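Engineer: Residue strings, one per chain:
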Amino acid sequence: MEAQNYVWEGAIPLQIHLHESEVTTFPPPPPALILAPRIGYLPLLIALIKPYFSSALPPGVDTLWFDYKGLPLKWYTPTGVLFDLLCAEPERPWNLSVHFRGYPANKLIPCEGEDAVKWSFINSLKEAAYIINGNCKNIMNMSQSDQVELWRSVMNGNVEAYQRVSSKLKLGTVEDEYSVKPQQGTCETDTTGQVKTGRIPIRLYVCRVSEDFDDVEDVPKIDSWGKISFINRPVEIHKEEGKYFTLHDAIKALLPEFFSEKTLIESPSQEGEDKNNIPSEDASDSKAEEVVNVCNDVEASSTSNAEIKIVRIQGIEPKLEIPFSWVVNNLMNPDYFLHICLYVKVANLNTA
Amino acid sequence: MDVSSWDGSLSSSDFSLAARTFAEKWKRLNHTFPPWSWVACTKQPWVASHEVEGYLSLENICLFSLTEEDHDEGSREGEEETGCSKEEEPIDTATLVQSIGREVHFYDFHIVFSASYRVPVLYFRAYCSGGQPLALDEIEKDLPACSSKVLLASKWTFITLEEHPYLNRPWYKLHPCGTSEWVKLLFLGDSALAKYGVARRQYLVSWFSVVGQVVGLRIPFQMLNDSN
Numbered sequence: 001m002e003a004q005n006y007v008w009e010g011a012i013p014l015q016i017h018l019h020e021s022e023v024t025t026f027p028p029p030p031p032a033l034i035l036a037p038r039i040g041y042l043p044l045l046i047a048l049i050k051p052y053f054s055s056a057l058p059p060g061v062d063t064l065w066f067d068y069k070g071l072p073l074k075w076y077t078p079t080g081v082l083f084d085l086l087c088a089e090p091e092r093p094w095n096l097s098v099h100f101r102g103y104p105a106n107k108l109i110p111c112e113g114e115d116a117v118k119w120s121f122i123n124s125l126k127e128a129a130y131i132i133n134g135n136c137k138n139i140m141n142m143s144q145s146d147q148v149e150l151w152r153s154v155m156n157g158n159v160e161a162y163q164r165v166s167s168k169l170k171l172g173t174v175e176d177e178y179s180v181k182p183q184q185g186t187c188e189t190d191t192t193g194q195v196k197t198g199r200i201p202i203r204l205y206v207c208r209v210s211e212d213f214d215d216v217e218d219v220p221k222i223d224s225w226g227k228i229s230f231i232n233r234p235v236e237i238h239k240e241e242g243k244y245f246t247l248h249d250a251i252k253a254l255l256p257e258f259f260s261e262k263t264l265i266e267s268p269s270q271e272g273e274d275k276n277n278i279p280s281e282d283a284s285d286s287k288a289e290e291v292v293n294v295c296n297d298v299e300a301s302s303t304s305n306a307e308i309k310i311v312r313i314q315g316i317e318p319k320l321e322i323p324f325s326w327v328v329n330n331l332m333n334p335d336y337f338l339h340i341c342l343y344v345k346v347a348n349l350n351t352a
Numbered sequence: 001m002d003v004s005s006w007d008g009s010l011s012s013s014d015f016s017l018a019a020r021t022f023a024e025k026w027k028r029l030n031h032t033f034p035p036w037s038w039v040a041c042t043k044q045p046w047v048a049s050h051e052v053e054g055y056l057s058l059e060n061i062c063l064f065s066l067t068e069e070d071h072d073e074g075s076r077e078g079e080e081e082t083g084c085s086k087e088e089e090p091i092d093t094a095t096l097v098q099s100i101g102r103e104v105h106f107y108d109f110h111i112v113f114s115a116s117y118r119v120p121v122l123y124f125r126a127y128c129s130g131g132q133p134l135a136l137d138e139i140e141k142d143l144p145a146c147s148s149k150v151l152l153a154s155k156w157t158f159i160t161l162e163e164h165p166y167l168n169r170p171w172y173k174l175h176p177c178g179t180s181e182w183v184k185l186l187f188l189g190d191s192a193l194a195k196y197g198v199a200r201r202q203y204l205v206s207w208f209s210v211v212g213q214v215v216g217l218r219i220p221f222q223m224l225n226d227s228n
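So the protein sequences, as listed, match chains Z and D. Quick note on the UniProt record's numbering: the first sequence kicks off at 1 and runs consecutively. Quick note on the UniProt record's numbering: the second sequence kicks off at 1 and runs consecutively.
Think of the hints as simulated: they come from the structure by calculation, not from any bench. Check the hints yourself; a few may be wrong.
[As the list claims (entries may be wrong)] Below 20 Å or equal to it, Euclidean Cα-Cα: the simulated EDC-like pairs (lysine to aspartate or glutamate) are: (1) Z:Lys227 to D:Glu163; (2) Z:Lys69 to Z:Glu20; (3) Z:Lys252 to D:Glu53; (4) Z:Lys137 to D:Asp7; (5) D:Lys155 to Z:Asp115; (6) Z:Lys252 to Z:Glu307; (7) Z:Lys107 to D:Asp108; (8) Z:Lys107 to D:Glu163; (9) D:Lys155 to Z:Glu114; (10) Z:Lys107 to D:Glu162.
All values reported here derive from a predicted model rather than from experimental measurement.
One chain only, chain Z, in its complex shape (with noise of 0.2 Å):
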C-alpha cells in the first residue's frame, strides 16, 4: 500500500497571518508556516499556531477559526480536500488567515476544541460502515482504547497503528481486482471475510465555475460555499465480466447528468495494457487527454450545459480509467471515505 503512505504523509505548506481585525500589536505578528497534514483538520493545529500569536491578541475567549481569501473554512472538512477544492491551481504556501475571535456560527458550525473534531471523524466513520457493512456496530462496539489509539493515529499521521487498529473494524472496501498476483499477497487481504455490500462511501464536492478555462491558473477563486456542491451519496460497485470499474464508471454512477446515453456501450477501455502501470503520483501527465475523454461525452449530450473540467482526489489527477478499487484502497481518507472534487464549467448559469 504504497500509496496509502503517501497520502498519509502528505502535506500542506500553510502561512498563516493573524487576521487583521484581531492584530493588536505594532508591528502585526509575522505569519506562521505550519506544515498541515491532508489527511488532518485545521483546529487540531492549535497548539501549534497558538505560540506566533497569542501576544498580540485582544483580550477574551478563543474561537479558533480560518478563512481563506474571506471564506471561512469548514473545519471538518480534511485540510487536503479544502486545498483542492479552494486552490484549483495549487498556491504554496498557502495563505490562510487565522482568527481567534468572532466566529461566525451562523454560517459555520461551532467547534468545541479536539472532541468535536474527534466526534466528526467518529461519526463520519460509523456513516461510513454502514454504508459499507449495513450496520455500524462494529464502531459502536470499538473498545475506549481502540477508539483512543485509533485517533491518535489521525492525529499523529502514523499509519501503521492505524491500520492494526482499523483491521479490526472489517471495513475491508472492496477488493483490488487488478492486483491479484499470489507473490504479491502479503497484508491486503487481511480485513476481508465478511459480507460487503459493494456500495462505497463518497463525499463529491462539485465546483462550478462559469468562465470556461484551459489552463488552472485562470480558475475564478471560490469566494462562497454557494458555488460548491456537496454531494453525500455512496456508489454501488458494478462488476462486468471482463471488464473493471473504472473512476470513470463511478463518477458517472454519482452524476449520471454528466454523460451521455452513449457513453454506456462504448465505454473508455484499454484494460490489460495498463495493468502492470497503475500509475499515481504521475497520473497528472495525462490530465489533458482525460479531461478531453470527459468533455466529448458531454458534448454528446443533449440534457447537459456542463462539463467536467478536473477530477482531483488527494491532490493529484488520477487517470479516469484506472480501476475505482485501486482509487478507493489507496486514496481514501481515514474515515473510509473517498473524497473527490471535481471542477465544472457551466456554460449559462440562466438557462439551467
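With chain Z's structure known, arrange chain D on it following the hints.
Structural biologist: Leaving out everything else, chain D in the frame of chain Z:
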C-alpha cells in the same frame, strides 16, 4: 416482498412516496399543527436532472413546554403541546397558553433522506421570537425529560449540530445510525403492516411516531391506524 426479509431501509424514491403519504395524513388528521410541505430541490441546479430530490418541512412551530408527565414542575402546569402558524387554524382546539416568564421559542423541522443510511433524518433549528438562534442547552430545556437525559449521556452521538444537506447551514441533526434496525422491529410487530408495500408507504408515519417524541411532537393515533 415479505417484510421479514427487509432491512428497514428506504430508497430515495420510496422516501418521496412515503413523504407524500405522511404529509397528506398529517394534514387530514392532525389539526393542531400546520401542514408539512415538500421542498423540491436539487444538488446540481445547473444540469437537468431526472431525479426529484427534496425534503419535508414544518416551520415556525412554537413549542411550549410539553405534557405534564414529561415535566411535572408546577410552574409549567396548564401548558399544552401546541403549534401555531402564521395563518389562523379555524378548527384549532388546542389552548394557547402564554408561558409565564419564559420566552417563546420557534422551531423549524426538516425531514431529509440520508443516502448513506437510507432512512429519513430529522434536522431542526430553534430561535427566539427575535430570530436569534438557540443554543443546545436552551433547546434542551424545551425537550421532553427523557431526551434531555440522553442528550447529557451521549453528547456527540444523539443530537449534534451539522451542515444541513441542502441549505449548507448549521442545523441540529438527530443521529440516524440505528434507525433501520428499530423501524424493522416496529414493522415486524404489526401484522397489518407486514407487507412490504404498506411498510414503504407507512414508513414516515411510523418513523415519526418515534422520532417526533424526541422533540416533543406527537402524532394523532388515527394517523397510525389509518390504512388509506
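Engineer: Next step is simple, just say for each hint if it's right about the structure.
Structural biologist: Cross-check of the supplied hints:
Restraint check: the Cα-Cα separation between Lys227 of chain Z and Glu163 of chain D comes to about 16 Å, which is no more than 20 Å; the hinted pair holds. Of the pairs offered as hints, the one joining Lys69 of chain Z and Glu20 of chain Z holds, with about 13 Å between alpha carbons and a cut-off of 20 Å not exceeded. Of the pairs offered as hints, the one joining Lys252 of chain Z and Glu53 of chain D holds, with about 18 Å between alpha carbons and a cut-off of 20 Å not exceeded. Among the hinted pairs, Lys137 of chain Z with Asp7 of chain D is consistent with the structure: their alpha-carbon atoms are about 15 Å apart, no more than 20 Å.
Distance restraint check for Lys155 of chain D and Asp115 of chain Z: the Cα-Cα separation of roughly 11 Å lies within the 20 Å cut-off, and the hinted pair is therefore satisfied. Of the supplied pair hints, the one linking Lys252 of chain Z and Glu307 of chain Z holds, its CA atoms being roughly 12 Å apart against a limit of 20 Å. At roughly 17 Å between alpha-carbon atoms, Lys107 of chain Z and Asp108 of chain D fall within 20 Å of each other, so this suggested pair holds. Under the criterion of a C-alpha separation no larger than 20 Å, the hint pairing Lys107 of chain Z with Glu163 of chain D is consistent with the structure, at around 9 Å.
This hinted pair checks out: Lys155 of chain D and Glu114 of chain Z have alpha carbons roughly 14 Å apart, not beyond 20 Å. For the hint linking Lys107 of chain Z to Glu162 of chain D, the alpha-carbon distance of about 11 Å falls within 20 Å, and the restraint holds.
Checked against the numbered hints listed earlier, the structure breaks none of them; every hint is satisfied.
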